[in-house]
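Participant: Protein chains in written order, with our numbering: chain H, 1 to 324; chain Y, 1 to 288.
Hint data in this document are derived by calculation from the structure and do not stem from the laboratory. Take the hints with a grain of salt, since some may be wrong.
[Said to hold, decoys possible] Which chain H residues stay away from chain Y? Per the calculated CB distances, all over 12 angstroms, these:
#	residue
1	A19
2	V27
3	F63
4	L81
5	G144
6	P149
[Stated by the list, open to error] Residues from chain Y that face chain H, not an exhaustive set, calculated with beta carbons under 7 angstroms:
#	residue
7	D95
8	V98
9	H100
10	A103
11	L106
12	I107
13	N110
14	A113
15	Q263
16	I264
17	P266
18	V267
19	I273
20	I274
21	V276
22	P281
These figures come from a predicted structure and were not determined experimentally. No residue lacks a Cβ here, since even glycine has one placed at the ideal position from N, Cα and C.
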Amino acid sequence: MVSTSNNKKIIKALIGVLALLALILPVTALPFTKYIMSVLTFTFVYTVLGQSWNLLGGLAKQFSLGHAAFFGLGAFVTAYLCQTGLPAGLALGLAALVVAFFSLPFGLISFSVRGPYFTIITLAIAEILRTIFLWRPELSGSEGVVLPPNMFSSSMGIYYLTMGTAAASIAIAAWLAKSNQGLALVAIGDDEEACAEIGIKVKYVKSSTLAISAAMCAVAGGTYGLFTQYLSPNDVFSIIYSLDAIFISIIGGLAQPFGPLVGALLFSLLEETLNPLVPGAHLLVLGIILIVIMFLLPNGLVTLVTGSGAARSPLKIRIKRKQA
Amino acid sequence: MDYSSLTIQLVITGIFLSSLYILVTFGLTMIFGVMEIVNFAHASFAIVGGYACLMSVTWLGLDPFLALIPVVAFMILIGWLSFEFFARYTLDVGDAHVVHYYALLLIISNVLALIFGLDYKFIPSKLGYTQLHLGPFKYPLVKLIVCFLSLATVAGLSLFLKYSVLGKRIRAVSQSKESAEIMGIDSLKIRRITWIIGIASAGLMGALVGLVNPFSPYAGTTYLIVAFSVAILGGMGSLFGTILAGFIVGMTESLFSLILPSQISPVVCFLIIIAVLMVKPEGLFSRA
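Okay, chain H solo, but in the shape it has when bound:
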């Protein structure tokens, strides 16, 4: 036990140093500052995206393939609101709220089925949205939408914005995992019928978590839009984002608050190094890494340092902690 707590202290110190470095990065004058900043901005967007999936997928084992719907809606609603002249920060918050409301019918439809059927139905909903946005020129059409310049147009503004949202997403995930709702989610992931029988409001717990997850994913989409300043339905509603979310969560660690950050770092690193060499190669490598991790480290890379055993579920660990 002593060595684990020592390890944890070292890791905490290391995280602190890295966070400080990330904070002061924009004012340093390193040769690649601009480049590193843009890579990190993407990493933070991906962290929020992965985290939003992880709330449902990690804790309650609901493998959604429809998070691209929230990502794309968040991006487009933010863009429309920005076009009406609202400040970007407010637009982002409102978009999160709108998408959280959208998640209610989404949940009503998708939670009526389980297991692989849930995965298929979420995929279908995201694809319907993509088709509709491509089809209607009032929404976007194939031309896409351009975002007007705003307070986050500078690389430093968007850098701090995404860093803030990433930190907030980690804090929300950590809080949720410790709350009663988090425990209920883990229990639902283990056995849904049993949960319903002991009086957990399964539908309520799932839907409310989906709303948080959707809002978080909308923020990821919105910040993505603010960063790239151009949106097209084929991009933001692409199944790629649903997949990225899954990769990032699973590679980093299912149900681990810091998992998506680790996953997103590895993801951007692979994308930045491999994609320029051979286009698409990073996806191939990611696929291989994903399979290896699913078989060998089902709880993700984070468990390599935190040392919570690979085969234990988060619930068992927590029960032990309470007994001690």
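Based on the hints, put chain Y in the right spot on chain H.
Facilitator: Same frame as chain H, now just chain Y:
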């Protein structure tokens, strides 16, 4: 062309689409029935078949229809390899298997992209654009042959499952693995055979599609979603349901192209998926 002959033309197109949809869904639903696995990589195996056919035509100089024989042999090999090195390890991971199979989809499509590039490819055939004239109607000969071959394959597989000893064993395992094992059936062997049949039929479908439509390494997703809607409509694991559902989806898509703008015709498939799952999650024609 007047309206009624246009409708007939659309019905023929509907039958043609249905035959391909049934063939690709057949393997998907068989694998689900026996292995309880939703193979998200199924349509990617179809695209592998398409490229295998293209290679046999361009490298070996075979006639495309003759090339189907080496393609099926190659897909059986691919099926065996993918079972021994991948699928058999995913049999007991539960719902999380969707992630394994999505990773497999990514690996397959990106390996194809690295080898063949992202351009759309087309399998050339000597028949080219030859049309078959039947009274006032005309229809491309290639499409008719493709339609016939896929329906014949489905019929052959159905008869195999219904009457052969091996087919009976496969159906026994899909009904109850435990009871089948008690009766002395080696369920791992049955699953391996099912997987190989499923992958080979997907590869054959890919080769047939390649003869009539251009394809690219990522084209699999379109067929994947169609296969899902057919499988869900028919009830996962039900072969009779698959055939009926294949005709419903193929016909609907073809006839709806008359009234809907072409960009949103995929929505029909998605709406079928959602509606059926919400109303009757076990599928319209499921055995249970």
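Participant: Take the hints in turn and mark each one as holding or not.
Facilitator: Each hint tested on the structure:
| no. | hint | verdict |
| --- | --- | --- |
| 1 | A19 | 30 angstroms, holds |
| 2 | V27 | 39 angstroms, holds |
| 3 | F63 | 5 angstroms, violated |
| 4 | L81 | 26 angstroms, holds |
| 5 | G144 | 15 angstroms, holds |
| 6 | P149 | 31 angstroms, holds |
| 7 | D95 | 5 angstroms, holds |
| 8 | V98 | 5 angstroms, holds |
| 9 | H100 | 6 angstroms, holds |
| 10 | A103 | 4 angstroms, holds |
| 11 | L106 | 4 angstroms, holds |
| 12 | I107 | 4 angstroms, holds |
| 13 | N110 | 4 angstroms, holds |
| 14 | A113 | 5 angstroms, holds |
| 15 | Q263 | 5 angstroms, holds |
| 16 | I264 | 5 angstroms, holds |
| 17 | P266 | 6 angstroms, holds |
| 18 | V267 | 5 angstroms, holds |
| 19 | I273 | 5 angstroms, holds |
| 20 | I274 | 6 angstroms, holds |
| 21 | V276 | 10 angstroms, violated |
| 22 | P281 | 5 angstroms, holds |
Checked against the numbered hints above, the structure breaks hints 3, 21 and satisfies the rest.
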